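Asks: Required output: the full structure, derived from the provided sequences and hints.
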Amino acid sequence: MSDNAIEKRLSHSQRYQITVFGKVDSSWSEWFGNLKLTASEDKDGFPITRLSGVLPDQGALRGVLNKLWDLNLSLLSVKCNPYSSRR
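For reference, each letter of the sequence shown is one residue, going 73 to 159 in my numbering.
One or more hints might be untrue.
To be verified - PhoX-like, lysine-lysine: derived pairs with alpha carbons at most 25 Å apart:
(1) 139 x 108
(2) 115 x 95
(3) 151 x 115
(4) 108 x 151
(5) 95 x 108
Calculated directly from the structure, the hints in this document are not laboratory data.
These figures come from a predicted structure and were not determined experimentally.
Replies: Spelled out as structure tokens, the structure:
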């Protein structure tokens, strides 16, 4: 993939799923904009939260990651579906 193609992909909206260790209370949902918060447990019964939705660019992703850092939550994964648009 060319540098231009990579840059174009990163500057467009992408669907993300971000998983953190711990529970993010639903009262924080407004702080995370249009991301859906889903609390559950991992295979060992520990609380995790998934944030999923479309972010407009890498800057927005960085903003979400900074907010999670500010809440002192441990990042478990960030998944991007590059072929998914605003559905």
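Asks: State for each hint whether it applies.
Replies: Each hint tested on the structure:
For the proposed pair residue 139 and residue 108, the alpha carbon gap of about 15 Å is at most 25 Å, so the pair holds. Between the alpha carbons of residue 115 and residue 95 the distance comes to roughly 15 Å, so the proposed pair stays at or under 25 Å and holds. Between residue 151 and residue 115, the direct Cα distance comes to roughly 19 Å. Compliance with the 25 Å bound is thereby established for this hinted pair. At most 25 Å may separate the alpha-carbon atoms for a hinted pair to count; residue 108 and residue 151 meet this at roughly 14 Å.
Under the criterion of a C-alpha separation no larger than 25 Å, the hint pairing residue 95 with residue 108 is consistent with the structure, at around 13 Å.
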